[in-house]
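J.: Starting from the known structure of chain P, fit chain R onto it as the hints suggest.
Number of protein chains: 2
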Amino acid sequence: MPLYPPATIGMTLAEVDTPALILELDAFERNLKRLPESLGDRKIMMRPHAKSHKCPQIAMRQMALGAVGVCCQKVSEAEVLVEGGVTDVLITNEVVGAFKLKRLAALSKQARIAVCADDAGNIKAIDEAAREAGVTLDVLVEINVGANRCGVEPGEPAVVLAKQIAGSANLRFGGLQAYQGTAQHLRKVEERQNAIAAAAAHVKRTRELLKAAGIECPKATGAGTGTYLFEVASEVYDELQTGSYIFMDGDYARNDWTESRSPRFEHSLFVWTTVMSHTGSERAIVDAGLKASSIDSGMPRIADGGPAEYIKAADEHGVIKLNGATGYAVGDKLKLIPGHCDPTVNLYDHFICIRNGRVEAIWPITARGALW
Amino acid sequence: MPLYPPATIGMTLAEVDTPALILELDAFERNLKRLPESLGDRKIMMRPHAKSHKCPQIAMRQMALGAVGVCCQKVSEAEVLVEGGVTDVLITNEVVGAFKLKRLAALSKQARIAVCADDAGNIKAIDEAAREAGVTLDVLVEINVGANRCGVEPGEPAVVLAKQIAGSANLRFGGLQAYQGTAQHLRKVEERQNAIAAAAAHVKRTRELLKAAGIECPKATGAGTGTYLFEVASEVYDELQTGSYIFMDGDYARNDWTESRSPRFEHSLFVWTTVMSHTGSERAIVDAGLKASSIDSGMPRIADGGPAEYIKAADEHGVIKLNGATGYAVGDKLKLIPGHCDPTVNLYDHFICIRNGRVEAIWPITARGALW
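From first to last, the protein sequence lines are chains P and R.
Using my numbering, you'd call the opening residue of the first sequence number 1 and step up by one each time.
Using my numbering, you'd call the opening residue of the second sequence number 1 and step up by one each time.
Accuracy of the hints is not assured; some may be wrong.
Each pair may be met inside one copy or between any two copies, as identical chains are not told apart.
Here are the computed lysine to any residue pairs in the SDA-like style, where the Cα-Cα straight-line distance is at most 20 Å [what the hints assert, rightly or not]:
1) K188 - A120
2) K102 - L13
3) K321 - S38
4) K333 - S297
5) K312 - M299
6) K335 - G181
7) K204 - I311
8) K163 - A125
9) K124 - A329
10) K321 - G181
11) K102 - P5
12) K321 - N148
13) K109 - Y4
None of these hints come from the bench; they were simulated from the model.
So here's chain P without its partners, still in its complex pose:
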């Protein structure tokens, strides 16, 4: 970790060193509120995904606005968030291996913890870890609702695992994990709507089979920023796992939002960068490359909207094709909108929080690098 953060409290944005991860607090706070506002009086729980921000300060703000808790992907993320004051964490993922399960069970003595499973042997191992720790753990069955990643098939295979969990001495059946990840970035509203209609049909059918088998299903949980109003409309989901809504990113911006009835979440997260070289008339080079902005979902976009484009990222360099844009002198600073916020946040130790052009706060990204 660097010896000094790139900013101090009270600095102007212009003074903040680069590359730095900038959080514009006004836009961020509007995004924070727009999620609950968009739900009106519909009965659905919010459990925002902390894998996007990895920051207890943000988790606490989400809970202050009504979230019942947060989601994590990893035990080490959950550990850091619980240490930061979060009292209710759902790990929306399978947790495999004796060492991880021991930590998971231990953590459930400090906070309410639930985990997902899609494998009979793993459920047995979770039960054993809970027994050894003297705790009872909530286990949800993850079902594959179209993303073809983790999860058993909906319907009967899910009922089999739910029965196993309900019949385990140290486990409780916590419900269904039904996240349709690949639907989030389908560009057309109709495509996203159709994908979630299909997912919801799987959830509905599985809930009916569980009921017929005499197994109470406490909840179905899922949804992301790209689709959550469709999960709400389906009336078979009880809980939302939206993460990116607080930041937005280049990939979400490429979705068509017309007619989606989704609130207009704003870009609040930026990579602050400096022009470090400008020797050719066609290009300028900035100091934020792929160690400063994840390029898995496309290149970052320059926030000012001029003709210049960020076209290529090397480890520590970004190539700006000027397309006739003026400015971009050596020393000029600019904001980039990351292509994908989650892995970009994971590259930094701090959010540099800006209001009215000055550094108002520096929030540690405490679970940065929490991979296991």
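T.: Relative to the frame of chain P, chain R by itself:
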């Protein structure tokens, strides 16, 4: 940062938690020695690039085998390495901005520090920072030898900047930075050889012009793992900046090395991962996604060489297409060869160092996240 590292000293590899960054010490140490061995008695300095490892423990081992110092890309990297005991650092990059230059000048009181420049205004700012700190700084002129990134054009434009540096009260002209980055991964030996021949011709011509102008050029520095024997053969380079040779990665493995006369560097760096889900007959899911292995230069490769392929990375999931491979049961652990070592190392806090199947050491990746 996670509360616990994924391993403890003496653990077996099988016990190490996942995802973890594994360094196989025997292979690593063979790589370390093969670079100087491959140079024989040729007079050329080694200055390995620390952007690959970001770890003082590794820098010290490189210097113990004859390296004159290391390279860095960022002032914050150099700060961490100097704090870790490194006494000679070349920043192979432009450093722009008053705050960075103040730190650079201050650091030169603790170690021998040099920096690159390609802009007259920036040279003036470096001179001013050196004056304020009461130091004399070595500044190299970066020339564009074909990568079309930073650097002035070779020849006269470089001589102009060299004159400016030599005429600045608080600067010394340190030589030419001439790294041909795009040549490193040209797949054919002949393509790499031709690219370096062109780069070397630019260096040679610029050195001749400098000589004619009465400016002594202390050195030309450059080269990477993919090409360094061609820079050596050119006899116009004095110093090598190879970084990846200690680890190798999937991208370098895709180069053709036949007839290159390069030593056979081995994969020593791996991402250790667990099968966390296996619900379909076609696929298994591992717990290392794109927050655990950078995918900018292609997907990671499974180290055992069977038919299974890592085909897709989500944030926390890797999709393995089995192609008929057996095994891959939930809980099985496997080694991945990262597509690109440098940004993968930057995702981790520790190298878990393995010898004979056990954890022999845990080296902190001290400059992880040192971006500015």
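J.: Run every hint past the structure and note whether it holds.
T.: Comparing the hints with the structure gives:
no., hint, verdict
1, K188 - A120, "neither (38 Å within a copy, 49 Å between copies)"
2, K102 - L13, "between (44 Å within a copy, 18 Å between copies)"
3, K321 - S38, "neither (39 Å within a copy, 40 Å between copies)"
4, K333 - S297, "neither (24 Å within a copy, 28 Å between copies)"
5, K312 - M299, "both (7 Å within a copy, 18 Å between copies)"
6, K335 - G181, "neither (28 Å within a copy, 26 Å between copies)"
7, K204 - I311, "neither (44 Å within a copy, 32 Å between copies)"
8, K163 - A125, "within (16 Å within a copy, 70 Å between copies)"
9, K124 - A329, "between (62 Å within a copy, 15 Å between copies)"
10, K321 - G181, "between (33 Å within a copy, 19 Å between copies)"
11, K102 - P5, "between (35 Å within a copy, 15 Å between copies)"
12, K321 - N148, "between (38 Å within a copy, 12 Å between copies)"
13, K109 - Y4, "between (36 Å within a copy, 18 Å between copies)"
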